[in-house]
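Since chain A is already given, all that's left is putting chain B on it; use the hints.
Chains as they are written, first to last, in the working numbering: chain A, 1 to 200; chain B, 201 to 423.
Hints are computed from structural coordinates only; laboratory data are not their basis. Worth double-checking, as some hints may not be accurate.
[What the hints assert, rightly or not] Cβ-to-Cβ under 8 Å is the rule here; a few derived chain B residues that face chain A:
1. Arg222
2. Thr238
3. Ser242
4. Asp262
5. Glu265
6. Tyr269
7. Asp278
8. Leu280
9. Gly288
10. Trp289
11. Asp325
12. Gly399
13. Ala402
14. Arg415
15. Thr416
16. Arg418
[Stated by the list, open to error] Derived coverage of chain B by chain A (criterion: at least 3 residues anywhere in the stretch with Cβ under 8 Å from a Cβ of chain A; other residues may be distant):
17. 225-235
18. 405-412
Keep in mind that this is a model prediction, so the values were computed, not measured. Every residue gets a Cβ at the ideal spot worked out from N, C-alpha and C, and that includes glycine.
In case you want the letters, here they are:
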Amino acid sequence: MGFTRGFRRRHPETPAGVELPPGQYLTDGFPVLSAGPTPRVPLDEWEFTITGSVAEERRWSWEEFQALPRETPTVDIHCVTSWSKLGTEWEGVSVDTLLDGVEPLGAYTMVHSYGGYTTNLAIEDITDGKAWVVYGYDGEPLSAEHGGPARLLVPHLYFWKSAKWVRGIDVIDDDEPGFWESLGYHDRGDPWLEQRYQGD
Amino acid sequence: MIRETPTAATLVLGVDGWPGHRAGQHLDVRLTAEDGYTAQRSYSIASAPEDGVPAITVERLDDGEVSPYLVDDARAGDRLEVRGPVGGWFVWDASQGGPLWLIGGGSGVVPLMSMLRHRQRAGSDAQARLLLSARTPRDVFYRAELQAFDVTYTYTREAPAGWTGYARRVDRAMLAEAGFPPAARPRIFVCGATGFVEGVAAELVGLGHGADRIRTERFGATG
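For reference, chain A alone in the conformation it holds in the complex (with noise of 0.2 Å):
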């Protein structure tokens, strides 16, 4: 395929300095994108665990789960929709503190939401600094439509990886499509390898 007869960039340049993913152009905005109605969790309900190929499951609540350690990663997000947003700020816990002493017997994830909605992640996408469950964005409470009570993030796979409204990491031996995987979209979903869709 040559070129797009009468097609040219309408957009201003790609600022100096920032690489995009293949594919990927830039938005001031935060776009939303659902399957279905948005959740709605009340925090005396809320609840994270981590459950399965593990030496010892674990649980916490709204309140024991504010008391982790924090941080306040800085990070690029990329949506298999195409639009990427830079230097987005959130606060949460790392998963590499969740799973502090867990002990993983596994070496994938199938990640939980409150609603129903899964995907899968190998436990080496979601350790090392890699991984964090967010509650706060842009220095204010992660809104419903956002995910909150709180989301997973996990920046440097495409952000249908990054599952809203959270509840659980179910460690599993043998990787399995989640939700979107299982209707179309890639088991892994690197934008770098520009990995949208199943086949890529």
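Coordinates of chain B only, in the frame set by chain A:
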């Protein structure tokens, strides 16, 4: 190419080896400029699966990168890079039955139209209703074709002269009147800008529709 409104057009794409699609799916269009610059965006497929070829209806966004080209510049015979079909969630097959309740805001009607066209071509007897919010009658896609379906319109900026129908944003009262009650357990598909979808989905849940019966697809950006 078919002009739908002053700012929107339907492009019928002849794709060699198109594998077919399901009503509600979308495809990705990628444009490449002579200097190698590329831009890609997703567009819902408007045509029924039975048509055999994908047609997309594109609304020109003033600050858009791809839509202005597709709506204003593309001509019959032009070649576009297309990938798809994509999406397995926001889909409806006639074999799934109804009642089917489609709720669209503006250009959100596109994947819903694919479902209505499929229902007709498949000879389905599933009940189907469309609640369509548009700014003005001139902004309604497929206006003539929609006369054959059970459509309730609401206009949010300017209604036709003598209009006795809804003339406001979709709200809970309208949803209670214009669709199916929860007891009918309709399959509900909501599509439009994120604010529209968020509000409608929340009201549907508030009316007693199960969250698992509501599928949403959101267009566009939000601040």
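Against the structure, the hints come out as follows:
| no. | hint | result |
| --- | --- | --- |
| 1 | Arg222 | violated, 11 Å |
| 2 | Thr238 | holds, 7 Å |
| 3 | Ser242 | holds, 6 Å |
| 4 | Asp262 | violated, 10 Å |
| 5 | Glu265 | holds, 5 Å |
| 6 | Tyr269 | holds, 5 Å |
| 7 | Asp278 | holds, 6 Å |
| 8 | Leu280 | holds, 7 Å |
| 9 | Gly288 | holds, 3 Å |
| 10 | Trp289 | holds, 5 Å |
| 11 | Asp325 | violated, 27 Å |
| 12 | Gly399 | violated, 11 Å |
| 13 | Ala402 | holds, 6 Å |
| 14 | Arg415 | holds, 6 Å |
| 15 | Thr416 | holds, 6 Å |
| 16 | Arg418 | holds, 5 Å |
| 17 | 225-235 | holds (count 6) |
| 18 | 405-412 | holds (count 3) |
The structure shown violates the earlier hints numbered 1, 4, 11, 12.
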